[in-house]
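Student: Next come the chains, spelled out residue by residue.
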Amino acid sequence: MNLTLGIINNIHDWLFGVMPEGMAAIVEMILIALVYLGIFSVVGLFLVLMERRVAAWFQLRIGPNRVGFQGLLQTVADALKLVSKELTGTTKADKFLYNLAPYFVIISSLMALAVFPFTKDFQAFDINIGIFFLIAISSIGVIGILLGGWASNNKFALIGAMRSGVQTISYELSIGLSLLTMVLIAGSLQLSEIVEVQKNGWLIVQGHLPAIIAFMIFMISGTAETNRAPFDMVEAESELGAGFHTEYSGMKFAYFFLAEFINMFIIAAIATTVFFGGWLSPFGLTESIPWLGVFWFLSKTLVLVFLIMWFRWTFPRLRVDQLLTLEWKYLLPINLVNMVVMAFIVWLNLTIQF
Amino acid sequence: MEVTSVNNNFKSEEYCINMGPQHPATHGVLNLLLTIDGEIIKKVEPDLGYIHRSIEKMCERDSYQQIVHLTDRMDYLSSNINNEAVCLTIENALQLEIPERIKVIRTIIGELTRISSHCLWWGVMGMDVGALTTFFYGFRDREMINDIMEETCGARLTMNYNVPGGLMLDIHPNFVKRVKAFVAHFKTKIPEYDSLLTENIIFQKRTKGVGVLSKEDAISFGASGPVARASGYSCDVRKYHPYSALDRVTFKESLMTEGDTFARYQVRIMELWESLSIVEQLVDNIPEGESRVKTNAVIKLPKGEYYQKVETARGELGVYIISTGTKSPYRLKFRSPGFSNLSLLNHISVGGKIGDLVAIMATLDLVIPDIDR
Amino acid sequence: MTNESLKEVINRFVPNLEFSEEGSQFLNILVQPGQLHRLMLELKSNNGTYFDYLFCLSGVDWGEELGVVYHLESTTHRHMVVVKVNTQNREDPAFDSVCDIWATAEFHEREVFDFFGIKFNHHPNLKRLFLTEDWVGFPLRKDYVDEINMIIK
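Note that the protein sequences, when read in sequence, are chains A, B and C. Going by my numbering, the letters in the first sequence line up with residues 1 to 354, in that order. Going by my numbering, the letters in the second sequence line up with residues 1001 to 1373, in that order. Going by my numbering, the letters in the third sequence line up with residues 2001 to 2153, in that order.
Everything labelled a hint here was simulated from the structure, so no lab data went into it. For glycine and all other residues, C-beta sits at the position ideal for the given N, C-alpha and C. Be aware that a few hints might be false.
[To be verified] Partial selection, computed: residues in chain B whose CB lies under 8 angstroms from chain A:
| hint | residue |
| --- | --- |
| 1 | 1015 |
| 2 | 1017 |
| 3 | 1128 |
| 4 | 1132 |
| 5 | 1200 |
| 6 | 1353 |
| 7 | 1354 |
| 8 | 1355 |
Using the sequences and the hints given, assemble the complete structure.
Tutor: Written out as structure tokens, the structure is:
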């Protein structure tokens, strides 16, 4: 990592050497954006493959294993197929909004990716209100879904979009409150700071009982936020055909599809950062080798991603009213009480520190 | 064309969507015209006939041996039982004495068909409420039955195993061994079904108290099979009008009283156990004897009317033949269980959500070719 | 209840009933179209007969006449009976609907209407069920011809 960091610094110096300052800053931003786009697509494609293999494992199947070694290139082939497909749409659709919608979804998830510390100093944008930024960004995605469903001029898509609106607005609350509970103990909104705090023990250990409750609520509402089963009311293929993206095809559909997987990754990454010490190794095993942080970060995240996939391939889907009952009558009150408990624990210094 | 007629009595906040003919939840080409207020269902109107082949008209043209093969294509998931129904009607009309061996084999095959049908239903039921994994579990066990059928009947879905006068061919030498292996295998798998789906809290929340059908309504709507038995209406044809070897086996009629979607689900799970026990009782002592009784090459039923009921996986199948003494029936009517069960869909799903309708549809276990005969 | 005693009870419900058991395993009752609904209501509501389960409703083209055959069963007494009603009128055949007595009749009568063109008075939603609205003719009638779709051997 030191070497990489050195290269990055060299590029930074070189850019500012050969160009005027404003120009160099813009070029640098573009370069970083390209790197993140690369990460984005690789993560997206890998997660799709992982989902299919995990699903196959749950369902007594083998899954894709023909294209490339163990099917590693399967999703690349799928992406190529989707790129080459015709973009269809309904004639009476609101063309502008219809075409805009996928970008809302994909850009919001791409932006969220920027604030995660993959390891020490490997972070595009270490904003001091990181958690707040994440919550804010994640609510933009739903606008894309609403727009897509509305502009498609399809009743199934519209029902899906409306469900999505209801669902995301409700579960946003639980995500925010459960993260806020953890902010109480971390004492900062900045993600790098939150990871720093966990050098004395992961927050889920530090905050013990309320932290575990907050984690469970976060995972439930995170699954709901990404519209994945058992909360996939938005798509609900047995009820609505394909839900809000019924009328999308080709690459526009792929944007929705990729965004879903990236969002899942983001939820798992937030959980990793806030509850499981981010890129920190367990018991400080590899603290002297900072670049291993990427390994730890990704493996923790993938375990949580696996958990979310496990939900999907085991549970039946909730009904839309049960979904709202769960949020407003159970998760929200528990969350509020939990926050007060956490405040007391922090105030009375009952946290577990190593 | 029918959409417009619905349109006329719209209130401003209601709208109409077409669920089907190509929709994952309708399991075939069934079109449901839903009138919806937000998520709440106000009216369900089935639009049928997408795959109507007029089997009843074709029967008036064909000979009795040919008719049997058409019945496979009605309720293709219980094709053997459909065959059996027609064969029994013809045999009763001819007053043929059917040897014990044929009766026992028919019953075993019939019950295996029922298990296979319920396996598929269970998989699809899970899928309809959103648990996609169940589908593969159901198919894993169904596959074993299909293999047995393939070995004995030569086909996996439309078996054509029964013919008037007995069976097409005798059973395969491996049949008994493989059936026993299946019974032993499946006994360990039904508890797996329970732990995967039945005991799941989300599944129970989705199905309990949804689509409640009272006993009176069940009778009035002519419901039969698991749908009716879940409402406490004891209607098992195998009990009340036993046919083939069903009069010598002991089994319990699966009855529930709740009448909701979960009860219909449980009745079918109970039926899996009962069918398994019937197979177990019969498979060890299949009598020796002929597998087919000689009939005339051209079967002519005496003048008269014949009615035979059998219990398919979906309910009561009736075969009503009016014969004038010629080589083909004057009129043949199939009373299909799915058709009557479909007629109560509107009654039990109004007021529910779209998700409820899907769950109800799944437990009615409709097979569209059975409705569109 | 045996067929004999059933016959005795039912005979009191409405006049001009014809009974026969010839060539059928059930007791057959032939009723005049005008008396159909009255008889059916009585069969359902009378405690002695209590035929609450209409398990089969079929239209039949008897050649000269068009008819409907109702197969009834009682879920308490477990006896069965067949009611038949015929009409000579092939142009505009019509019977009274029984869907107020048995809800299942609604779909079955629509099927009969679709294939035989028999109308049912007071039916709440009598229209084509399987065939399209613009279909000409009634396919299950004996005199129906369709040279394109039907293969006659």
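Student: Hey, does the residue 1200 (chain B) contact hint survive, CB to chain A under 8 angstroms?
Tutor: Interface hint status for residue 1200 (chain B): holds (6 angstroms vs cutoff 8 angstroms).
Student: Does the interface hint hold: is residue 1353 (chain B) within less than 8 angstroms of chain A, judged Cβ to Cβ?
Tutor: holds (6 angstroms)
Student: Can you verify the interface hint for residue 1132 (chain B): is its Cβ closer than 8 angstroms to any Cβ in chain A?
Tutor: Because about 7 angstroms separates residue 1132 (chain B) from the closest Cβ in chain A, which is inside the 8 angstroms limit, the hint holds.
Student: Let's test the interface hint: is any C-beta of chain A closer than 8 angstroms to that of residue 1355 (chain B)?
Tutor: At 4 angstroms from the nearest chain A Cβ, residue 1355 (chain B) passes the 8 angstroms test, so the hint holds.
Student: Going by Cβ atoms only, is residue 1128 (chain B) closer than 8 angstroms to chain A?
Tutor: This interface hint holds because 5 angstroms falls under the 8 angstroms limit.
Student: Quick check on the hint: residue 1354 (chain B) CB to chain A CB, less than 8 angstroms?
Tutor: holds (5 angstroms)
Student: Should the interface hint for residue 1015 (chain B) be scored as holding, given a Cβ-Cβ cut-off of 8 angstroms against chain A?
Tutor: holds (7 angstroms)
Student: Just to be careful: measuring from the Cβ of residue 1017 (chain B) to every Cβ in chain A, is the smallest value less than 8 angstroms?
Tutor: At 5 angstroms from the nearest chain A Cβ, residue 1017 (chain B) passes the 8 angstroms test, so the hint holds.
Taken one by one, the earlier hints all hold for this structure without exception.
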